[in-house]
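Asker: Sequence:
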Amino acid sequence: MTAHHQPNDTLRWGVLGATSYIATHLMPAIAATGGCALSAVASRPERSAAAAELGRPFGAAVHQDYAALLADPAIDAVYIPLPNTDHVEWTLRAVAAGKHVLVEKPMAMDEDGCTRIEKAAEAASRTVMEAFMYRFHPQQRRAAEILASGEIGELRLVRASFAFRIESGSGNIRLDPALGGGATWDVGCYAVDAPLLFFGQAPQQVTARFSSRPGLTVDTSAVATMDFGQGRSAVVDYSIDYGPRAAYELQGTRGTLMVRNAWAMTGEDGAITVLTQDGVREETVPAANHYQLQVEAFARAVRDGGPAPMSLSDSRRTARVGSALVASAAAGGAAVDTSEDVPGAR
1 MTAHHQPNDT LRWGVLGATS YIATHLMPAI AATGGCALSA VASRPERSAA AAELGRPFGA
61 AVHQDYAALL ADPAIDAVYI PLPNTDHVEW TLRAVAAGKH VLVEKPMAMD EDGCTRIEKA
121 AEAASRTVME AFMYRFHPQQ RRAAEILASG EIGELRLVRA SFAFRIESGS GNIRLDPALG
181 GGATWDVGCY AVDAPLLFFG QAPQQVTARF SSRPGLTVDT SAVATMDFGQ GRSAVVDYSI
241 DYGPRAAYEL QGTRGTLMVR NAWAMTGEDG AITVLTQDGV REETVPAANH YQLQVEAFAR
301 AVRDGGPAPM SLSDSRRTAR VGSALVASAA AGGAAVDTSE DVPGAR
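In UniProt numbering, the protein residues as written are 1 to 346.
Across the chosen pairs, the derived CB separations fall in these ranges:
1) Asp-9 / Pro-57: 20 to 28 Å
2) Arg-156 / Gly-59: 47 to 55 Å
3) Ser-20 / Gly-332: 36 to 44 Å
4) Ala-123 / Gly-200: 24 to 32 Å
5) Gln-277 / Asp-9: 48 to 56 Å
6) Tyr-21 / Ala-71: 22 to 30 Å
Don't read these hints as lab results, they were simulated from the structure. Every residue, glycine too, gets a C-beta built ideally from N, C-alpha and C.
Please construct the entire structure, taking both the sequences and the accompanying hints into account.
Answerer: In structure tokens form, the structure reads like this:
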């Protein structure tokens with residue numbers, strides 16, 4: 001249950017953690033969405049001047065720290081793209097302050113964090129959603145339509161890959177273990193989410209093997225398998241050592257669907273190939289701003305008081321699988337059960 005906004009009300013947004021990436025992708029998406037306004041930004045106190053500069057083109061006020069923004073009664077919703085280790089704390093604080101929350105993936109690095117957020121959101125009647133922008137790209141909807149049509153038969157295997165190199169010594173927070181860095185909780189989130197999305201459930205068990213680039217302590221590459229039961233599987237790989245690669249394949253009993261640029265950037269057309277015994281055909285999905293489509297979908301859920309399109313149960317499932325991959329890698333690739341309420345290696 002979420003609080004309703006009147007259709008003519010403007011949903012006033014604040015951003016916790018204004019960076020150039022956010023100012024390039026998310027802040028324009030919020031500002032361009034009808035019925036939404038980017039009203040305020042906040043950063044760490046030592047970056048407040050930079051945050052003010054990023055917010056200026058949107059007419060956004062700047063707050064000296066995150067807590068000050070949450071205390072602003074003029075803010076209805078917040079976007080949280082902070083380091084992974086801060087997502088649960090600041091989402092809970094935002095909900096307690098009466099804000100709706102769109103939080104960058106991963107919502108949490110374990111299922112318990114997602115459960116705490118879900119309980120808090122329900123108690124406060126706030127909408128909270130994990131930001132998986134690729135789910136809102138028309139390319140994913142088209143892939144789902146082709147699968148549902150039966151053209152490639154029954155889905156048996158999903159292969160998903162996402163990789164781009166991050167240089168050592170770059171200062172990128174993805175290389176910092178204290179901030180929840182590593183490939184699994186960054187590019188891995190997308191590669192892992194694809195089979196969960198298309199199979200529509202959690203796997204029964206997973207296995208994973210991680211590697212770390214010399215000189216780094218976070219996982220930088222991984223290969224994992226997932227067993228969904230009844231002969232259905234997924235194979236995923238992800239990395240910040242190599243790339244670029246961003247693709248998934250849906251293998252059915254009668255054919256294959258390949259999405260060549262699965263996590264397309266704004267302005268980049270989607271590319272789908274379907275291979276069956278009848279031959280090969282290509283589809284182009286026109287470019288779309290999936291960041292804006294995500295903001296629009298979230299805002300509708302807030303206004304209508306309906307469920308968020310990326311549900312909190314989906315987020316719990318994704319966190320459970322991600323933490324199971326970490327556990328499997330730590331156990332030398334042992335299979336880890338990911339069924340409901342049955343954690344642990346076997």
